[in-house]
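Peer 1: Chains as they are written, first to last, in this note's numbering: chain U, 1361 to 1679; chain Z, 1361 to 1679.
Think of the hints as simulated: they come from the structure by calculation, not from any bench. It cannot be assumed that every hint is accurate.
Because identical chains cannot be distinguished in the list, a pair is counted as satisfied if it fits within a single copy or across any two copies.
[To be verified] Heads up, simulated DSS-like pairs for lysine-lysine below, C-alpha to C-alpha not over 25 Å straight-line:
hint, residue 1, residue 2
1, Lys1629, Lys1503
2, Lys1555, Lys1642
3, Lys1512, Lys1491
4, Lys1553, Lys1597
5, Lys1554, Lys1642
6, Lys1554, Lys1597
7, Lys1539, Lys1553
8, Lys1477, Lys1439
9, Lys1642, Lys1477
10, Lys1672, Lys1660
11, Lys1629, Lys1661
12, Lys1539, Lys1491
13, Lys1597, Lys1629
14, Lys1553, Lys1642
15, Lys1579, Lys1642
16, Lys1608, Lys1661
17, Lys1642, Lys1608
18, Lys1420, Lys1651
19, Lys1555, Lys1597
20, Lys1597, Lys1608
2 protein chains.
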Amino acid sequence: MKQIIEIVPNFSEGKSKAIMEEVIAPFKGLGGTKLLNLEMDASYNRSVVTVIGEVDSVVKGIVESAEIAVRLIDMREHKGEHPRMGALDVLPIIPIQGISEEECIELSYEIGEAIFKKTGIPIYFYALSRKRPQCENLPDIRKGEFEGLAEKMQDPFWRADYGDVPHQSAGAIAVGCRKPLIAYNIDTDSPSKKKVLRIARRVRFSGGGYRYIQAGAAKLMDRNICQVTMNLTDYTKTALYQAYEAVKMEACRYGIEITASEIVGLVPKDCLLSSLRYYLNKDDDENLDLKLEEIVELVKKYLKFRDFSVEKIIEYYLD
Amino acid sequence: MKQIIEIVPNFSEGKSKAIMEEVIAPFKGLGGTKLLNLEMDASYNRSVVTVIGEVDSVVKGIVESAEIAVRLIDMREHKGEHPRMGALDVLPIIPIQGISEEECIELSYEIGEAIFKKTGIPIYFYALSRKRPQCENLPDIRKGEFEGLAEKMQDPFWRADYGDVPHQSAGAIAVGCRKPLIAYNIDTDSPSKKKVLRIARRVRFSGGGYRYIQAGAAKLMDRNICQVTMNLTDYTKTALYQAYEAVKMEACRYGIEITASEIVGLVPKDCLLSSLRYYLNKDDDENLDLKLEEIVELVKKYLKFRDFSVEKIIEYYLD
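Throw the hints in and build the complete structure from the sequences for me.
Peer 2: The following block contains the structure:
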């Protein structure tokens, strides 16, 4: 079996399509990788790139892409609403197939070292690749942002894993292996952000809810309704169906109903199957032999997925 | 407002009613305290005592009770199924009314010191009163039990907060302030412990479930059904209704239904009101002006409480 990983590099450029086309060029026409998505956000001034592929090809691509980003993105002139510390700001690496979490952590160290050697940009290993407890959470590393980095890196507590001072125009990069994170939003029929936030608070970990749910409320202005917007940080433990049913249960208090739900980005087949087992009255360890097309129909039925198709399932891109 | 606390001392004697009557005698006829419950378990060879009352009276009572326990309970001869390290094994102290958590932690230090000075029994401060991270969880402190205590206390990592060596017949005591813990069981109509354990796993924190739920499965032999047996470790964050509805939702997968639920021990009124607000479609901060009798009827209706009456609500014992 081929070793397949996903990377989701975030770059500090969300306005210039021309620049981002150059930055992602190494992933195009490179055998063994698929560029799945480029999502540019102008107000964040930030782009999120999703690439999946064989280990060697993806590594080659991201090192080249980082070199291009250093040349084209100058943090000294960068403004945007999203916190950031580098031109290539963060590089999450996710094991997909034929590679263990441990191997993927090792791989993140190789990638970090390779980027540092090519570009001189300091590297922080974060998430599962952290070498110190304070480096587990990206927001802690990034606090102070690009502008505060030179001072922060002088503090021994916040030294980087590679490099002693920030790159003058490209800052620093957080590199780390993490579990697949599912971005999952549930549409309600309520225009009240206050009520939907209360639902989110009851469902999320910080409010006493499910262990692996982060949640907030977001208003969709065009439709005048609010969403519970969530991250499932370990779908193998807290499943989609639990998020869906918990939101439905909490919404009940306010007479609010769920009208639809959506996956942002990609989702592993396993994540969908574990929730379909619930609705099909199967046990967690029972086999479900379904084609991708069948899975799509079933999640639309049971979880009211909208805007969903086989192209959103990671396995669609694998052999 | 009077300062009211609850204490739940656990003594290593569960067979002799005569001994336990002497141990709890200080709480009887003592103004300002109410002895709410004495629960003796012969196979555990352990008794759980629940006392509620004004701070000064409760402190006076427990110090006397500890002195009696040292005289009557000899750990060198003690056998029982429950882990234990002392004659008075653990002393949880819970703030109920007019006293903050911080004040209650301070109080636990005073009580620990008083018991040590009167009896010479070493004291470990645990739970919210822990002075070192390794002392947060009682099972960690108690590991090795009475028989292993002398050796354990020589390890600097496991020195006691008061005392250098175990009391020869009474071992050591864990003393600490903790939040009110709700023991809550849900009866299912299923005789399958395997299935009910799977429900419990999905609901509990360790399996990806709610943050403040600990859960397992227990078979009720006389009725040939299984319970999901739970501790809610912070009911202000994870509410009863969430535990109930989550179990109902997970049980659905197996065609299992909830037939009843029960509170073991006492429950604060607040805990019931916060769940009734959910079922009465009120918001978390809305006032609910209900008499204790009305609360009893409503929780029987919505949460299928069995064997429940005003005597199980802590406020019943307060002015």
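Peer 1: Each hint needs a verdict: does it hold in this structure or not?
Peer 2: Here's how the hints hold up against the structure:
| no. | hint | verdict |
| --- | --- | --- |
| 1 | Lys1629 / Lys1503 | neither (35 Å within a copy, 42 Å between copies) |
| 2 | Lys1555 / Lys1642 | between (34 Å within a copy, 11 Å between copies) |
| 3 | Lys1512 / Lys1491 | within (18 Å within a copy, 31 Å between copies) |
| 4 | Lys1553 / Lys1597 | between (28 Å within a copy, 21 Å between copies) |
| 5 | Lys1554 / Lys1642 | between (37 Å within a copy, 14 Å between copies) |
| 6 | Lys1554 / Lys1597 | between (29 Å within a copy, 18 Å between copies) |
| 7 | Lys1539 / Lys1553 | neither (30 Å within a copy, 32 Å between copies) |
| 8 | Lys1477 / Lys1439 | neither (28 Å within a copy, 64 Å between copies) |
| 9 | Lys1642 / Lys1477 | neither (51 Å within a copy, 60 Å between copies) |
| 10 | Lys1672 / Lys1660 | within (13 Å within a copy, 46 Å between copies) |
| 11 | Lys1629 / Lys1661 | within (16 Å within a copy, 41 Å between copies) |
| 12 | Lys1539 / Lys1491 | within (17 Å within a copy, 35 Å between copies) |
| 13 | Lys1597 / Lys1629 | within (15 Å within a copy, 33 Å between copies) |
| 14 | Lys1553 / Lys1642 | between (36 Å within a copy, 17 Å between copies) |
| 15 | Lys1579 / Lys1642 | between (36 Å within a copy, 23 Å between copies) |
| 16 | Lys1608 / Lys1661 | both (15 Å within a copy, 21 Å between copies) |
| 17 | Lys1642 / Lys1608 | both (21 Å within a copy, 16 Å between copies) |
| 18 | Lys1420 / Lys1651 | neither (33 Å within a copy, 70 Å between copies) |
| 19 | Lys1555 / Lys1597 | between (27 Å within a copy, 17 Å between copies) |
| 20 | Lys1597 / Lys1608 | both (19 Å within a copy, 18 Å between copies) |
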